[in-house]
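**Student:** Top line first, the protein sequences correspond to chains A and B.
Take any residue in the first sequence, note its place counting from 1, add 6, and you have its number in this note's numbering.
Take any residue in the second sequence, note its place counting from 1, add 43, and you have its number in this note's numbering.
Hint data in this document are derived by calculation from the structure and do not stem from the laboratory.
All C-beta atoms in this analysis are idealised placements derived from N, C-alpha and C, irrespective of residue type, glycine included.
One or more of the hints may lead you astray.
Said to hold, decoys possible - Simulated restraints, written as ranges between beta carbons of each label pair:
#: 1; chain 1: A; residue 1: Ala79; chain 2: B; residue 2: Tyr344; range: 55 to 61 Å
#: 2; chain 1: A; residue 1: Asp78; chain 2: B; residue 2: Trp343; range: 57 to 63 Å
#: 3; chain 1: A; residue 1: Ala87; chain 2: B; residue 2: Pro384; range: 36 to 42 Å
#: 4; chain 1: A; residue 1: Asp88; chain 2: B; residue 2: Arg293; range: 54 to 60 Å
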Amino acid sequence: MTSAPLSLEASSGAPAGALLEAEGLAKAFGQVVTARSVSFHVAPGEALGIVGPNGAGKSTLLNLVTGTLPVDAGAIRFDGADVTHTPAARRTALGIGRTFQVPRPFEGLTVFENVLVGSTFGAGMRRREASEKAWQALETAGLTHLANTAAGSLRLLDRKRLELARALATQPRLLLLDEIAGGLTEHELPALIETISAIRDSGTGVVWIEHIVHALLQVVDRLMCLAQGDVVATGDPREVMASDAVAAVYLGSADPEGEAL
Amino acid sequence: MSAPTTLTPMSSATDLKVVRGGWPSLAGGGVLAAIVVFLAAAPWFVFSPGDVTNLVTLFALIILGTTWNLMAGYGGLVSIGQQAFIGAGGYGVIKLADVVGLPIPVAVLAAGVVCALLALPTSFLLFRLVGGYFAIGTWVVAEVFKLVTQELPGFGGGSGLSLTAFQGVDRVTRIATVYYLALVLAVAVVLATYLLMRSRVGLGLTAIRDDSVAAASLGVAVRRSQRLVYVAASGGAGLAGALIAVNGLRVSPGSMFSVQYTAFMIFIVVIGGLGTIEGPILGAVIFFALQQLLDAYGTWYLIALGAIAIAVVLLAPRGLWGLAARGRYEIFPLGHRVHPPRQ
Chain A
7 MTSAPLSLEA SSGAPAGALL EAEGLAKAFG QVVTARSVSF HVAPGEALGI
57 VGPNGAGKST LLNLVTGTLP VDAGAIRFDG ADVTHTPAAR RTALGIGRTF
107 QVPRPFEGLT VFENVLVGST FGAGMRRREA SEKAWQALET AGLTHLANTA
157 AGSLRLLDRK RLELARALAT QPRLLLLDEI AGGLTEHELP ALIETISAIR
207 DSGTGVVWIE HIVHALLQVV DRLMCLAQGD VVATGDPREV MASDAVAAVY
257 LGSADPEGEA L
Chain B
44 MSAPTTLTPM SSATDLKVVR GGWPSLAGGG VLAAIVVFLA AAPWFVFSPG
94 DVTNLVTLFA LIILGTTWNL MAGYGGLVSI GQQAFIGAGG YGVIKLADVV
144 GLPIPVAVLA AGVVCALLAL PTSFLLFRLV GGYFAIGTWV VAEVFKLVTQ
194 ELPGFGGGSG LSLTAFQGVD RVTRIATVYY LALVLAVAVV LATYLLMRSR
244 VGLGLTAIRD DSVAAASLGV AVRRSQRLVY VAASGGAGLA GALIAVNGLR
294 VSPGSMFSVQ YTAFMIFIVV IGGLGTIEGP ILGAVIFFAL QQLLDAYGTW
344 YLIALGAIAI AVVLLAPRGL WGLAARGRYE IFPLGHRVHP PRQ
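Chain A extracted, bound-state conformation:
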């Protein structure tokens, strides 16, 4: 293997009908490059996993796709339309939903109201419809019992559930999950895996950043590994995890037997 990005896919370009196409995304904070020239694509009903060590640029990549951060270079197309410079709120309305790695609840609002913001503005729904959508999202995330609780008083796990519920309430066609499983216990994982699989199976594109690789591998169709702002490998999840390039990223040397995690 060479040091060039490893592609385990038949063709490197985005296939026709891709939901999200990111091309040559670049972002630097001063001297720190968090995305050098990252390209990837997601089809409707497809789940893409992203792994990589801390500081690899995973969360930055999500922030570029959602418009939370502006790109230095590159292009983002969503459903065929160029959204590279579209404001974040507009991208949400177009169908890009996301969760934050460190949950950001509206602490002065109740859990239900938090989710209602998503269905009202993200999905553009009116009162009754918005309330029903919000309730459904709470059901999916398993939070209905806390609907009238102030979001500021939630523990971390429920804050993560709230992130998922709010994102679902925007009715996303592409859902970006940033370490949604972090902090979950082993017996809580299967329910989350089932939920995300069902979202994917309903036709929603999913991008899932996660350190808990065994959970990720149960859901994702393809896997991308990032390190220091570069794509190290993309393709079939198990082949990517088994590749020398990924082993080198995690272990610091190219070990042919390396089952990195």
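Please arrange chain B on chain A, whose structure you already have, making use of the hints.
**Tutor:** Relative to the frame of chain A, chain B by itself:
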């Protein structure tokens, strides 16, 4: 609806009940309405003309506190320069009444509209700044407004203008006109703020208050919402300035564009309770009462205000309304309580 999913059976949510408010809120609203009725009747049998003139100041303070809270408490825009629009409203109403010849009530409303219109281009300048820079920028804008007013021909330079439209009107009619105008506007501003906050715009603003990045990621147009409240709050400051001008019968750049108005607004909102509709009303009443009680003590009055502000911030960080209501009681119900559908 998009493709059906197996996750969310539609039927489960059809008898979902969302309740906003209830009889405790209605009762509180009834008490407030009774106070307004009393205030409307009181000039006839309780208050002296001097009291009536003083109460116009209270109504102007309620408008200032309510609109500053709308902008800072909900929109997250901490401006220390709303005196720009208080001054513009004060000078504006005198020009509109004396030069254009509008009747006083129409001139006061028009002054508010003019201030809202002035705020729109100003917002494009100021919104390039964030946080502390935005705050300082608003003060700079207020100083620019003051200097321009002083230099404009026909605005009286450093000494200001007097209102002449009331000449020939007897004192009782004049005082009554201003009093009822101020009472109606204060009630209208509070109700309009409540209705705005109860609408979907208000839900978005509350989200912005708590976390603007998360709000944007859920589809809230943060910039547009902030511009709306900045323009609305500036129109409110203009109304208050116009009331202060027609109540005092004269304006000067030093008093109308004074940064002390910002100190008053912050005091009112902070001791009353930031980010609530009830808080600024309570804060304005407390501030007004302190002003009336302690006015004779000169500098000690300001020292007392400062001490009270520090005590409230330390002991009741959510303001006196927050302390009393503990987040559970609202006279102006904005919260949603959801009752799960029966399965």
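**Student:** Each of the hints needs a verdict: does it hold here or not?
**Tutor:** Hint-by-hint comparison with the structure:
no.: 1; hint: A:Ala79 x B:Tyr344: 55 to 61 Å; in the structure: holds, 60 Å
no.: 2; hint: A:Asp78 x B:Trp343: 57 to 63 Å; in the structure: holds, 58 Å
no.: 3; hint: A:Ala87 x B:Pro384: 36 to 42 Å; in the structure: holds, 38 Å
no.: 4; hint: A:Asp88 x B:Arg293: 54 to 60 Å; in the structure: holds, 58 Å
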